[in-house]
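Based on the sequences and whatever the hints tell you, model everything.
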Amino acid sequence: MSLFDLKGKVAIVTGGNRGLGKAMALELARSGATIALVDIKVSNETLADFEKEGLKATGYDFNLTHFDEYSSLVAKILKDQGSIDILVNNAGVKKSHPAVEYPKNDWDFVMDINATAVFYMCQTVGKIMIEKGYGKIINMASLLSFQGGTTVPSYAASKGAVMQFSKSLSNEWASKGVNVNCIAPGNFNTEMSADFIHNPKILERTPAGRWGEPEDLAGTAVYLASKASDYVNGHTLVVDGGILGR
Amino acid sequence: MSLFDLKGKVAIVTGANQGLGKGMALELARCGAKVAIIDLKVSAETIADFEKEGLQATGYDFNLADFDKYPSLVAKILKEQGSIDILLNNAGVQKRHPAEDFPKKDWDFVMDINANAVFYMCQEVGKVMIEKGYGKIINLASLLSFQGGLTVPAYAASKGAVMQFSKSLSNEWASKGITINCIAPGYMDTEMNTALVADKTRSRQILERIPAGRWGTPEDLAGAAVFLASKASDYINGHVIAVDGGWLGR
Ligand SMILES: NC(=O)c1ccc[n+]([C@@H]2O[C@H](COP(=O)([O-])OP(=O)(O)OC[C@H]3O[C@@H](n4cnc5c(N)ncnc54)[C@H](O)[C@@H]3O)[C@@H](O)[C@H]2O)c1
Ligand SMILES: NC(=O)c1ccc[n+]([C@@H]2O[C@H](COP(=O)([O-])OP(=O)(O)OC[C@H]3O[C@@H](n4cnc5c(N)ncnc54)[C@H](O)[C@@H]3O)[C@@H](O)[C@H]2O)c1
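Chains as they are written, first to last, in our numbering: chain A, 1 to 246; chain B, 1 to 250.
Simulated from the structure, these hints should not be mistaken for laboratory data. Check each hint, because a few of them may be wrong.
[As the list claims (entries may be wrong)] According to the in silico footprint, chain B covers these stretches of chain A (three or more CB under 8 Å from chain B):
id: 1; region: 209 to 223
id: 2; region: 228 to 236
[Unchecked claim] DSSO-like, lysine-lysine: derived pairs with alpha carbons at most 27 Å apart:
id: 3; chain 1: B; residue 1: LYS52; chain 2: A; residue 2: LYS56
id: 4; chain 1: B; residue 1: LYS52; chain 2: A; residue 2: LYS227
id: 5; chain 1: A; residue 1: LYS52; chain 2: B; residue 2: LYS76
id: 6; chain 1: A; residue 1: LYS95; chain 2: A; residue 2: LYS9
id: 7; chain 1: A; residue 1: LYS227; chain 2: B; residue 2: LYS7
id: 8; chain 1: B; residue 1: LYS79; chain 2: B; residue 2: LYS200
id: 9; chain 1: B; residue 1: LYS7; chain 2: A; residue 2: LYS7
id: 10; chain 1: A; residue 1: LYS201; chain 2: B; residue 2: LYS95
id: 11; chain 1: B; residue 1: LYS231; chain 2: A; residue 2: LYS227
id: 12; chain 1: A; residue 1: LYS176; chain 2: B; residue 2: LYS200
id: 13; chain 1: B; residue 1: LYS127; chain 2: B; residue 2: LYS79
id: 14; chain 1: B; residue 1: LYS7; chain 2: B; residue 2: LYS76
id: 15; chain 1: B; residue 1: LYS95; chain 2: B; residue 2: LYS200
id: 16; chain 1: B; residue 1: LYS127; chain 2: A; residue 2: LYS7
id: 17; chain 1: A; residue 1: LYS56; chain 2: A; residue 2: LYS227
id: 18; chain 1: A; residue 1: LYS9; chain 2: B; residue 2: LYS176
Cβ atoms here follow ideal geometry from the backbone N, Cα and C, with glycine treated the same way.
Right, here's the structure in full:
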């Protein structure tokens, strides 16, 4: 199982303070990686959850809307941790309004965090990875990279953007040893989905007959962060209990 | 890493005497699975490659064109190995002719092995898996599940079929504890592609279009196979993982 071993690797996980990001970060750490959690506020509780299992994680309080501070953030992480091998762009937001009245400030907010921030984190960290000829980038797509959803047009737009520019990056960077792929989660039980997850219609449409728990993504993150996926580039791995095939 | 552990599991891998199937079977075994290899003729050499590493594999000589013998084959494997937890439908064939000349017998041959055999192996082993409420099925799709290729219409048809009926099976069986997914390999340097590799122009054109800048190898698929065979993929159903060095995104 050495294919999945992450010993000696450093992983940045954005939005890793809770939800899917936290579950993925924990599993990357269990597989041997040292974790840099980037979130608006990384709580002591979150860090304690790593320490409890003897895992290594450091919190970096940072708001991803601060585009002009990415270079200094990444430089600091590189200096503190010694290297950056894995980048999981997981932080994300959602705002719901009917399309007819969708306000421009919410549109921009969602596009900024879910798409533009992801691209510029890829760019900033990508430079370091290109230089050393190695890197694993994982971006969070969504079922709404494929479907339109209801009353979340900016979310759908942003997730479509992520899936597509990840292929653009893969086309440029695959030959340089940097893998860029996406994970598209289905309906997962987190704070972001609290407003719709308990809708029985969702379960009816899910072949697996249950919604996802954050732990269901853990294996996928390790797969895409490890040697096991070295020939996987520009792919969006769907973890949805079968919804898209239905 | 216990998420990827296959200890105590039995895996059937079809067409694993060589190429991609053998590469995947070896890695499943390294992760702890016992492997039942189905192929036209499983060579002593192949079995020896497992034994060298202290891995468990048994060969079952079988022609997948013999549809009416599937129940007895599967019953025999179940009896000898004690269980069947993983089914990797990897055996496949290729026939090349311009579409205007494509002979019916080659069309039928390719569809039979690449699509019909895969469906009926899923059905036969699926019954066993449904009964125990657990199973991992992995079918080999292809880039030609998405694209048309050149002078291989039957192959494209068969791989399109595999990708789609895998979703049909997932819709019926996901809630019964069985995951059905596909792997779509890109251009891999195996015997199936010797004609392509030998054609200097085609082989250059192909390489130019692979973002990773190299053909794939059987080892490149090993991780995908373990991932889809293990607990790590329990909420993944009806998906196709492309392992193609970025080809499809180009
Ligand atoms: N939960 C689902 O069903 C689901 C489905 C598909 C995709 N996703 C995606 O998965 C990712 C994680 O989702 P989740 O459900 O865990 O959400 P969540 O709301 O529980 O967690 C998101 C995290 O991102 C952080 N974050 C938000 N804005 C930030 C900013 N400006 N700077 C720094 N950090 C910021 C938040 O503080 C939070 O910790 C998101 O990209 C989301 O779009 C979730
Ligand atoms: N090589 C590639 O580039 C590539 C790309 C996409 C998909 N694939 C698929 O991957 C799978 C494996 O391909 P490969 O390149 O390793 O091919 P290969 O020709 O090297 O191996 C195929 C194996 O299947 C066995 N087989 C064929 N017909 C059989 C039958 N009737 N009964 C039992 N066994 C039979 C063969 O004996 C052989 O061992 C195939 O499904 C193929 O379509 C390969």
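Against the structure, the hints come out as follows:
1. Counting residues of the region 209 to 223 of chain A whose beta carbon lies closer than 8 Å to any beta carbon of chain B gives 9, which meets the minimum of three for the stated coverage.
2. Counting residues of the region 228 to 236 of chain A whose CB falls under 8 Å from any CB of chain B gives 8; the rule of at least 3 is met.
3. For the hint linking LYS52 of chain B to LYS56 of chain A, the alpha-carbon distance of about 37 Å lies beyond 27 Å, and the restraint is violated.
4. At most 27 Å may separate the alpha-carbon atoms for a hinted pair to count; LYS52 of chain B and LYS227 of chain A meet this at roughly 24 Å.
5. About 48 Å separates the Cα atoms of LYS52 of chain A and LYS76 of chain B, which puts this hinted pair outside 27 Å; it is violated.
6. Taking the CA atoms of LYS95 of chain A and LYS9 of chain A, the gap is near 35 Å; set against the 27 Å cutoff, the hint is violated.
7. Proposed proximity of LYS227 of chain A and LYS7 of chain B is supported: the alpha carbons are some 21 Å apart, at most 27 Å.
8. Distance hint between LYS79 of chain B and LYS200 of chain B is unfulfilled; the C-alpha atoms sit about 49 Å from each other, more than 27 Å.
9. About 22 Å separates the Cα atoms of LYS7 of chain B and LYS7 of chain A, which keeps this hinted pair within 27 Å; it holds.
10. For the hint pairing LYS201 of chain A with LYS95 of chain B, the CA-to-CA distance comes to about 45 Å; that exceeds 27 Å, so the pair is violated.
11. Restraint check for LYS231 of chain B and LYS227 of chain A: the C-alpha separation of about 18 Å stays at or below 27 Å, so the hint holds.
12. A threshold of 27 Å between alpha carbons decides the hint, and for LYS176 of chain A with LYS200 of chain B the separation of about 25 Å falls inside it, so the pair holds.
13. With a C-alpha separation of about 15 Å, the suggested pair LYS127 of chain B and LYS79 of chain B falls inside the 27 Å cut-off, and the hint holds.
14. Simply put, LYS7 of chain B and LYS76 of chain B have alpha-carbon atoms about 21 Å apart, close enough for the 27 Å limit, and the pair holds.
15. For the hint pairing LYS95 of chain B with LYS200 of chain B, the CA-to-CA distance comes to about 20 Å; that is within 27 Å, so the pair holds.
16. Taken as a hint, the LYS127 of chain B and LYS7 of chain A pair is broken in the structure, with Cα atoms around 40 Å apart against an allowance of 27 Å.
17. Between LYS56 of chain A and LYS227 of chain A the alpha-carbon distance is near 21 Å, which keeps this suggested pair within the 27 Å criterion.
18. Distance hint between LYS9 of chain A and LYS176 of chain B is unfulfilled; the C-alpha atoms sit about 37 Å from each other, more than 27 Å.
Checked against the numbered hints given earlier, this structure breaks hints 3, 5, 6, 8, 10, 16 and 18; the rest are met.
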